[in-house]
Amino acid sequence: MMERHSIQERYFDPQFDRFALPDLDDLFDDDHQEKEEKEEVSNELVPMRALKWRKGRAPKMQNRVTIEKGNERQFLSKLSSPRTAASGRRHTSERTAIDRSTPRNSAGKETESTNDGAGASRNAKYYDIDDILTEEESGNGVKVDPSAEKDCVEEGAKVELPFWLAQELYLRQAVSISIPACFNQKTRREIQADAACVDLRSRCPYFYEFGCKIAPLVGDRTIGKMLLSTFQMRYKDILTKAHTTAYASASKSMAVLTKEETSLHGAAQSSMAAFKKWRIGGPRFQRASVLGRKRKPTE
Amino acid sequence: MAGQSDPHISLFSPEEIEFMAEDELVEIVPNMRMDPLNFISGDFGPFFPQIPANVPLWLAMALKKRGKCTIRPPQWMSIENLTHVLEGEREDQGAFQAVPFHYIEISRLLFDHARDDIPDIYMVRSLIEDIRDVRLHKVETNLEKFSATSAVKIAHLSAMEVNVVRPFVVRALQAFYKHDNPVVMSDSDSVTDRQPQTRQPQVPRNAQRQPLKRR
Numbered sequence: 001m002m003e004r005h006s007i008q009e010r011y012f013d014p015q016f017d018r019f020a021l022p023d024l025d026d027l028f029d030d031d032h033q034e035k036e037e038k039e040e041v042s043n044e045l046v047p048m049r050a051l052k053w054r055k056g057r058a059p060k061m062q063n064r065v066t067i068e069k070g071n072e073r074q075f076l077s078k079l080s081s082p083r084t085a086a087s088g089r090r091h092t093s094e095r096t097a098i099d100r101s102t103p104r105n106s107a108g109k110e111t112e113s114t115n116d117g118a119g120a121s122r123n124a125k126y127y128d129i130d131d132i133l134t135e136e137e138s139g140n141g142v143k144v145d146p147s148a149e150k151d152c153v154e155e156g157a158k159v160e161l162p163f164w165l166a167q168e169l170y171l172r173q174a175v176s177i178s179i180p181a182c183f184n185q186k187t188r189r190e191i192q193a194d195a196a197c198v199d200l201r202s203r204c205p206y207f208y209e210f211g212c213k214i215a216p217l218v219g220d221r222t223i224g225k226m227l228l229s230t231f232q233m234r235y236k237d238i239l240t241k242a243h244t245t246a247y248a249s250a251s252k253s254m255a256v257l258t259k260e261e262t263s264l265h266g267a268a269q270s271s272m273a274a275f276k277k278w279r280i281g282g283p284r285f286q287r288a289s290v291l292g293r294k295r296k297p298t299e
Numbered sequence: 001m002a003g004q005s006d007p008h009i010s011l012f013s014p015e016e017i018e019f020m021a022e023d024e025l026v027e028i029v030p031n032m033r034m035d036p037l038n039f040i041s042g043d044f045g046p047f048f049p050q051i052p053a054n055v056p057l058w059l060a061m062a063l064k065k066r067g068k069c070t071i072r073p074p075q076w077m078s079i080e081n082l083t084h085v086l087e088g089e090r091e092d093q094g095a096f097q098a099v100p101f102h103y104i105e106i107s108r109l110l111f112d113h114a115r116d117d118i119p120d121i122y123m124v125r126s127l128i129e130d131i132r133d134v135r136l137h138k139v140e141t142n143l144e145k146f147s148a149t150s151a152v153k154i155a156h157l158s159a160m161e162v163n164v165v166r167p168f169v170v171r172a173l174q175a176f177y178k179h180d181n182p183v184v185m186s187d188s189d190s191v192t193d194r195q196p197q198t199r200q201p202q203v204p205r206n207a208q209r210q211p212l213k214r215r
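Protein chains in written order, with UniProt numbering: chain F, 1 to 299; chain P, 1 to 215.
So here's chain P without its partners, still in its complex pose (with noise of 0.2 Å):
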């Protein structure tokens, strides 16, 4: 409830979103030949040299740390797009545009480990970071205008986004549900009494209407 103590209650660190994000899958060109892989989440099939091959980005960043293969960054990561991205965000300030899930945590696994494979990397980071600020703010100036309700809906929003304002925008429905709903406030006077409340403050069942003892 919006009375908790511990305001260190967010379900996932970015870290675990992160982890989360190593699933997508990415095009890779491996410089080197090797059996197909079997995986739990599936198989990866043959490797042979300079041919493409879709794998998880977990996988690649394994195999790129070992020199193994070049990495190719995928499609929403051009410049034409991210550009154009970048002016619908700007554009339109009540909704947000169709960005890839994991965006922020794929585009920052790249950055890290697979510097030489992007052209143009400066540019392509500076338009994903303005993307991302730009996001997030439209996020902050939403939020003020929700008001008395109990659900929100916000469409294309992204998995590290979501999970920034998640504590904040759970504790502060659950307060605006409890101050707006008239039965949560006359449910917590009776204890045992599970009739349909009525708006008199009731004496519970069990307690007991004797007088105080004399002394």
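Excised from the complex, chain F in its bound form (with noise of 0.2 Å):
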């Protein structure tokens, strides 16, 4: 029965096929131990949680999630997003490390062709790294459902987990989320005052596509104007520099942005550099970089 469930994921590409929540279940279930043996399994010693999404992975995610009970502290260690296996699997089939490019080219293209109303917009993305970096932002505390019951919670009990973690558990009427601590009060308070100066990044590099995603879920329909607002402003004093500024100054100012606001800055600042450089001209052809090494003489 397990093998059953171990194949159909091997197989599962959720960019084509019906999109089906991974089981949840399976991770608080301790029945696995006998099976786990069978499967080749890595060379790390693992916890028995979490086993299944964990074989022969590229680069592990490692999350820790703290529960408090009482006194106690029980690790459910290395935890990692079920997107970040699936998105390693892909990868270690088609080339070594994670390139940067290619979970968003090859979701673009994959975007065409599933272009199937609601059910795309979630699985084109689900490849997308830096889709997946945002789910892993733990700002949200979370409070536990007191009509659950689960052994290693208290009920009522503040948890930090990541995203991904909070909204399954949140679909499964598990928990309750509460507003992250990036769009609490103090930071809102700041930002009307100047939304230039913010500093952004420190608090979350992902601020704006974990606004959008967190806005349904914890329920607070003021996050999505404010997060319009605050990037009209951002925008209108930061970026429009991005074309102009020399490096210097560039670099000051970078610290405060978004890993948005920092893609927009580098594109233009790239393109921008092209059109210089090609004004200036010069030859054409680039020298092979085969060429350029001189050989080492041969003993």
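Since the hints were made in silico from the structure, they are not lab data.
Owing to the predicted nature of the structure, the values given are computational and were not obtained by experimental measurement.
Among these hints, one or two may not hold up.
So the derived list for chain P, only partly shown, Cβ under 8 Å to chain F, looks like this [unchecked claim]:
| id | residue |
| --- | --- |
| 1 | 13 |
| 2 | 68 |
| 3 | 159 |
| 4 | 160 |
| 5 | 163 |
| 6 | 171 |
| 7 | 179 |
Virtual Cβ for every residue (Gly too), placed ideally from N, Cα, C.
Since each chain sits alone in its own frame, please combine them into the complex, following the hints.
This is the structure in structure tokens:
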């Protein structure tokens, strides 16, 4: 029974197949030990939880979830999002290192082919590295629903979980999510004062993406408007310098940008640099890199 | 989307824009006789000495490099015209003057290869660079103005200028659209639910609503 499940997961590509949430309940299940010994295991000693998603993966993302239970602490260590496992599997089959351009390009291509309504909007970004990293944000405090029963965590306890886990648990109505720290009143007041100078990167490098994802779950209507106005103000003040500033001042102002704003800035910089380089002219042909290296004299 | 990590998304490089600009017709004065040339893009008729002919720019460049013709600068590259355009650019801060679509690339190619064919080349060169600087600056100031829109329309922008701002503007517009659109935000919640979205967060239909397994 477990074999079938694992085979199903191996050939399951969430980009094309019907999206089925992986069974998180197996996470909390302890009856897998004899099955795991039969399959190939990685060299590390892993705890019994979350073994399913760790077979033969490329760089694993290590995550620690701390759950307080009275005075004791119990670690659910080495939880990794199923998407990192899936993208790791995909990448080990194609190339050795996770290449940043790959998930986006293939996700972009597959968006065109699976362009069917609302289902594609989630699948298309499944392998997107930035999307995965956004969901790794553990900024939220999670409260446990009193109606749930779970051994390790007491009801009503406050836990910090990464977003992907919190979302799944929320859908199963086990937890309720409170507003993360990066959207609290202190940040909002700072943004209202002067949006351009707020250091969003130290709070949350995926500010906008995270806000978009968490807004429906937390049930806070004002997040959307705040995001929009923040982006408007910062955009005007900071990003229009992107085309023209010298390198020194650019690096100072870039320290406060989130990942998305940095990508905007980088795009403008690179296109401007390419234009300037073209304008100068010069030889059109580039010397092949293999020719440039001097041959070492062989003994 | 705005969350893309690779900033080097630019559809065209400046060299490619220049390549496309080379299709423009220019007037040359050949100094030899040649039979008609039959190309895929068209036939360029027999060349007689001292009789002007219209050819694409790439052919003009090739002939010029072999010393078989001289190039006549296009009409818009006269000093009076350029001065007029420059003053128009400086006056009107909101709109752009009508310039040839590929003026930057054509002028650069001509300066590089046909230096002796252009009268007052230094003047012309400085005028064109001024025009280019003023227009780029105008584009940047106009970029600051738009906010919370999904589409921007700017008239009379030339090919190279469009290419320089393209990645930035595309991503910025995507980001504005994403944050401004309430449908987009509630869309990311439900996976398989294709009915019109309601505002409350929904549990997707295929999510198991079983309680967590007892241990």
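Go through the hint on residue 68 (chain P) and say holds or violated, using the shortest Cβ distance to chain F against 8 Å.
violated, 22 Å
Please verify that hint: residue 13 (chain P), Cβ, nearest Cβ of chain F, below 8 Å or not.
holds, 6 Å
At a threshold of 8 Å, is the proposed contact between residue 160 (chain P) and chain F supported by beta-carbon distances?
holds, 7 Å
Restraint outcome when residue 179 (chain P) is required to lie within 8 Å of chain F by C-beta distance
Holds - the Cβ of residue 179 (chain P) comes within 8 Å of chain F, reaching about 4 Å at its closest.
For the hint on residue 163 (chain P), does the least C-beta distance to chain F fall short of 8 Å?
holds, 7 Å
Answer holds if the nearest beta-carbon of chain F is closer than 8 Å to that of residue 159 (chain P); otherwise answer violated.
violated, 11 Å
Tell me if the interface restraint on residue 171 (chain P) is satisfied: Cβ within less than 8 Å of some Cβ in chain F.
Residue 171 (chain P) check passes; min Cβ-Cβ to chain F is 5 Å, inside 8 Å.
Checked against the numbered hints given earlier, this structure breaks hints 2, 3; the rest are met.
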